[in-house]
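Asks: Residue numbers (numbering that gives the first Met the number 0), protein chains in the order written: chain E, 0 to 74; chain U, 0 to 529; chain B, 0 to 350.
These are computed hints drawn from the structure, not numbers from a lab. Mixed in with the good hints there might be a few duds.
As the list claims (entries may be wrong) - DSBU-like cross-link-like pairs, simulated, lysine-lysine; straight-line CA separation at most 30 Å:
hint, chain 1, residue 1, chain 2, residue 2
1, U, Lys401, U, Lys345
2, U, Lys401, U, Lys87
3, U, Lys71, U, Lys83
4, U, Lys493, B, Lys9
5, U, Lys86, U, Lys330
6, B, Lys5, U, Lys493
7, B, Lys4, U, Lys493
8, U, Lys23, B, Lys54
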Amino acid sequence: MEQLLEILSDLHPDVDFEECDTLIDDGILDSFDIVSLISEINEEFDVVISAEHITPENFNSAEDLYALIERLEEE
Amino acid sequence: MLFTSYRFLFFLLVLFTVYYIIPKKCQWMLLLAASYIFYAYAGWECLIFIGITTLTTYVAGRMIEQNHATQKNYLAAHKAELSKEEKKAYKERQKNKRFAVMTVCLILNFGILAVLKYTNFVIANMNGILELTGSTKVLAFQDLLLPLGISFYTFQSMGYLIDVHRGTYPAQKNLFKFALFVSFFPQLIQGPISRYDDLEKGLFGQHTFDWTNISFGLQRILWGYFKKLVIADRMLIGVNTLIGDTATYTGFYVFLGMLFYALQLYADFTGGIDITIGIAQVLGIPMQENFKRPYFSKGIKEYWRRWHISLGSWFTDYLFYPISVCKPMLKVSKWSRKVLGEKIGKRVPVYAASIAVWFVTGIWHGAAWNFVVWGLGNCFFIMLSQECEPLYEKFHNRFRVKEKVWFKAFQIIRTFLLMSSLRMLDCYRDVPMTFKMFGSMFTDWNVGEVLSAGVWNLGLGIHDYVVLAVGTLILFTVSMVGRRGSVREMIARKPIGVSLVIFGSLFIATVLFGAYGMGYDASQFIYNQF
Amino acid sequence: MSETKKVRRKRAVAVIIGLLVILAVLALLQRLVMPKYMGEVKEGALISEYYDEDKDFDVIFIGDCEVYENFVPATLWENYGINSYIRGSAQQLIWQSYYLMEETLQYEKPDVIVFNVLSLQYNEPQKEAYNRMTIDGMRWSTSKVECIQASMLESENFIEYVFPLLRYHDRWSELEPEDFQYLLGAEKVGHNGYYMQVGVVPVDYIPEGKILGDYSFGENAWSYLDKMVALCEENDVELVLIKAPSLYPEWYEEWDAQVEEYAAEHNLKYINFLEYTEEIGLDYSTDTYDAGLHLNLYGAVKLTDYFGAWLAEECELQDRRDEEALAEVWEVKLEDFYTQKEELEALKEEE
Chain E
0 MEQLLEILSD LHPDVDFEEC DTLIDDGILD SFDIVSLISE INEEFDVVIS
50 AEHITPENFN SAEDLYALIE RLEEE
Chain U
0 MLFTSYRFLF FLLVLFTVYY IIPKKCQWML LLAASYIFYA YAGWECLIFI
50 GITTLTTYVA GRMIEQNHAT QKNYLAAHKA ELSKEEKKAY KERQKNKRFA
100 VMTVCLILNF GILAVLKYTN FVIANMNGIL ELTGSTKVLA FQDLLLPLGI
150 SFYTFQSMGY LIDVHRGTYP AQKNLFKFAL FVSFFPQLIQ GPISRYDDLE
200 KGLFGQHTFD WTNISFGLQR ILWGYFKKLV IADRMLIGVN TLIGDTATYT
250 GFYVFLGMLF YALQLYADFT GGIDITIGIA QVLGIPMQEN FKRPYFSKGI
300 KEYWRRWHIS LGSWFTDYLF YPISVCKPML KVSKWSRKVL GEKIGKRVPV
350 YAASIAVWFV TGIWHGAAWN FVVWGLGNCF FIMLSQECEP LYEKFHNRFR
400 VKEKVWFKAF QIIRTFLLMS SLRMLDCYRD VPMTFKMFGS MFTDWNVGEV
450 LSAGVWNLGL GIHDYVVLAV GTLILFTVSM VGRRGSVREM IARKPIGVSL
500 VIFGSLFIAT VLFGAYGMGY DASQFIYNQF
Chain B
0 MSETKKVRRK RAVAVIIGLL VILAVLALLQ RLVMPKYMGE VKEGALISEY
50 YDEDKDFDVI FIGDCEVYEN FVPATLWENY GINSYIRGSA QQLIWQSYYL
100 MEETLQYEKP DVIVFNVLSL QYNEPQKEAY NRMTIDGMRW STSKVECIQA
150 SMLESENFIE YVFPLLRYHD RWSELEPEDF QYLLGAEKVG HNGYYMQVGV
200 VPVDYIPEGK ILGDYSFGEN AWSYLDKMVA LCEENDVELV LIKAPSLYPE
250 WYEEWDAQVE EYAAEHNLKY INFLEYTEEI GLDYSTDTYD AGLHLNLYGA
300 VKLTDYFGAW LAEECELQDR RDEEALAEVW EVKLEDFYTQ KEELEALKEE
350 E
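So here's chain E without its partners, still in its complex pose (with noise of 0.2 Å):
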C-alpha cells in the first residue's frame, strides 16, 4: 500500500491518495494518468491490470486500486 501512494504521489503531489475516493469521478486521473500509473505498477508489483480493469470502481482509490492489484496478484 506505501509503495502504491508512493507511485499515486508522485503522479500528483497535491491530492490526498489515503483519503480521496473520486478520482475518476472527479476526473483527477485522467487517462495519461492511468496508462503510466499502469505501467509503474507493473513495474513494481509485477501484475498486468489490462484494460478490462480499468473501471471507476477499481480506480476511484488507492485502497480500490491496491484492491485490485492484490486481487491479480492472488491469481
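Following the hints, put chains U and B in place on chain E, whose structure we already have.
Replies: Below, chains U and B without anything else, positioned relative to chain E:
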C-alpha cells in the same frame, strides 16, 4: 426520416401514445418495431446490414458467455483433481477461444464498416499514387450503400461485445431485445453511443405514465428543435455561403465562417442529442449525456471530455487503454524508459496510443484526409499542452492568476478558437485549401469591408441576424444557468405559470422563427399571366 | 389529501388555460402571417368570399382567370335577371374546379354550371402558390381535403394546409401594414367573384403558340371532366363548357376539336367565344387590360351580355328581377359595383 420532418413528429406522436396504452411488458417490442420502421424508411437494403451486425454480435456474445459458464462449471467440478498449473492452462485455453470468437466478430463488423465507408477513400488514394508513378490507369469508384447510422450502431454493438468478453456484464439472451439495443431509433442517426449496461434497464423495463418524466422529456425535445431549427438551420445558410466560394470569402470572412460553423455545429449536434435524450426520457429510458457545455472548456483535453462524450469514452475504453496497457506496450515502455530515460520513456505508450486513437477518430468522422489531419491535429495539441504542463506550472507559481475570472475567460476563448480552427478542416474541400484559407485570415485584412458590407451578402438578412443573435443569447444564458443544475428542474420548482410562459414562448418561437419549410418568397405569389 | 387534490386541480386548470392561450396566440399569428391578397394579388381572396353569400344562384362559373376576369355577374343581373356567381381562382386546375363544384353543390343546386375548359391542358399539379390561392380560401370539407390531396406537389405537406402557419411562418419578417389592417377580417375584393379591371392596354402583338409534340389532353384531366359531367347529372344541373375569348395563351385548334367531340359525345353545350368575337363586338384595342390575356370591364360587359342572352334562351333561365328580396340584395351589390367602377376610372384618369 429526418428529425426535422413532419413525418417524424407524427411517428413520435403515435409511438408515445401507443407506448403508454399497450401492456407494459410489450413496450420494448413496440420500440423494436418502431425502430425497424424508422430504419426501413432509409431503405430496406440497410436492414440487411444492421441485421448482420445484430445477429453476429448476438451469437458471438452468447458463445463467449457460454464459454465463461463452461469454464466455471469445469473448474468447480474438477476443483480437487486439477493442479494450479493445469487450471491456469485450462483457463488460458478457454480465454483464447473466447478471444477468437470476439476477434472474428470484430473483424467481420468493422470490416463491413470499413469496406462500405472507406473503399472509395482508398481508391482515391490509390489513384493518386498511380498518377504519381506516371501510370494512366485509373481505378473506378464503387457505388456503395452506406446504411443509416452504421458507424454508430457498429460501435455500440462492438462495445457490447468487448464488454461481454471482459465479463463486465452478461450477454443478452433474447435476440429481439438485443436487436432493440442495436437499433434503438432515437440514437441511430447521431448517437450517443450508449453502453449496454446503461441502457438495459430502461430499454427492457416496464414504464408507467409518469407526468414529470414525460413533460421533462417533451421540454427537452422542444429545446432541441429550437436549437436545430431556429439557430442551426438558419446559420447553415451563412456557413454554406462562406465555405462555398473560397475565392471570394477569404480573410475575415474565414474567421466569421469559423465562428458561424462553431455555432451551427454546436446547435445542430447538441440539438439533435437533446431530441434523442428527450425522446428516451418520454419513453422512460434514462440515457447518458453526450455534451457538457464543451465551449466552456479551459483546455483541449477538457474539451474532449465534454464534447461528444460517448464517442470519446468509447475510444478511451476500447482503443486507447487496450493499446496503451497491453503486454507488448508494457515491454516497449520498459525498454523506452531504459533507453530514453524515465521522463520521456514514460510517454511512449501514452503517445503511441493517442496517435492511433486520434487517427481512428479522425477517419471515423469521415473518409477523407481532412479528417485524418483534423484528428492528428487534435492529438498534436493535446500532447503539446501535456508537454507544456511544467511551463504552465512555473507560470502559475510566478503569477497567481489561475483563479482570476479574466484568466479563465482567456483560457476558454483560447480553447474555443483552437478547436474552431481545427474544425475548419470539416468545411473546406481538402487539406491544402484549408491551410490556405486559414492563412488568409492573417494576410487578407478585410475586416472593415466585411463588417460594413460583406455580412449582408451571405444570404442572411437583418432579421436573420436578429434571430440568430437572440437565439444565441438564449443558448448562452441557458448554458450559464445550467452550470448550477438542471434548468428544467429549476423551472419546474417555480409556479406552473412560469413553465407555461417559458415553454409556450419557446414553442411559438420555434414555429415562427424556425428555418423550415419551403420558405416564403413574395414573388412566387405575384400573379403572372394565368 | 383533499388539499393535494385541490392543488392538483388548480394545476390542471392552469395548464389547460395556459395551453388555450398558447393556441390562441398561434391562431392569431397564423392569421397574421397568412397572405391577405388585399394589395397586389387580389384574386387570392376570391374563393373565400362565396361563403358570405345567400347561395341561391342560377348560374355558377368555375375555372381560372378566364372566368373571373371575363364575366360580370352584375351585367347578367341587370340585363337578364340572372343571379350568378363566379368561383374562379388563379390557375385553377381542373380537379380544383371539380372539388369547388362538388363543394358548391353541397350548398345549393344552380340551374347551370359554366366551366372554362382552358385548364384541361394541365394534367399535373403546377405551382404551389396557385394551389394556395385556390385552396386556402376554401372552408374545411371533404371536398377541400380531396382537393388538397389532388393538388399537392411533391414538396408540399398536407399538414401545412391544416396549419398554414407552418407554411407562411417565414413571412414574420416581411409583414406589411395590410397584414395588421386585415388581421380580423378582409375587405370584399370581388363582385360575385368578378375581379374588376378598368385599364386599357391594346393588343399589339400575339405571341405565336409553341408547336406541341402531343395535343391530346392528359388522362387525369379528362377524368375530372368525366367526374364533373357525372356530378352535374346526378344533381340535375346543366353543365356548359366554354372557352373565353382570350387571345393567348394559345387555344389550339386540336384542343378545340377534342372538346368539341367530347361535348357532342356527352350531349353538352360548348361555346368557344374566340369564334364569336365579332358578334360579341369585342375590340381588342380597347377591351383588354393586359394586351389580350384578359378582358377589361368594358370587354367583359360585352361578352357577358352576349352570353346572358344565350343563357336565357338556350338554358331557359327565368328573369328574377321581380323577386323583391333578391332585387334588394342586388341593389346593394350594384351600388358597390358602380362605386368601385367610378373609383377605378378616376384613378386611371389621374395616371
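Asks: Tell me, which hint numbers fail for this structure?
Replies: 2, 8
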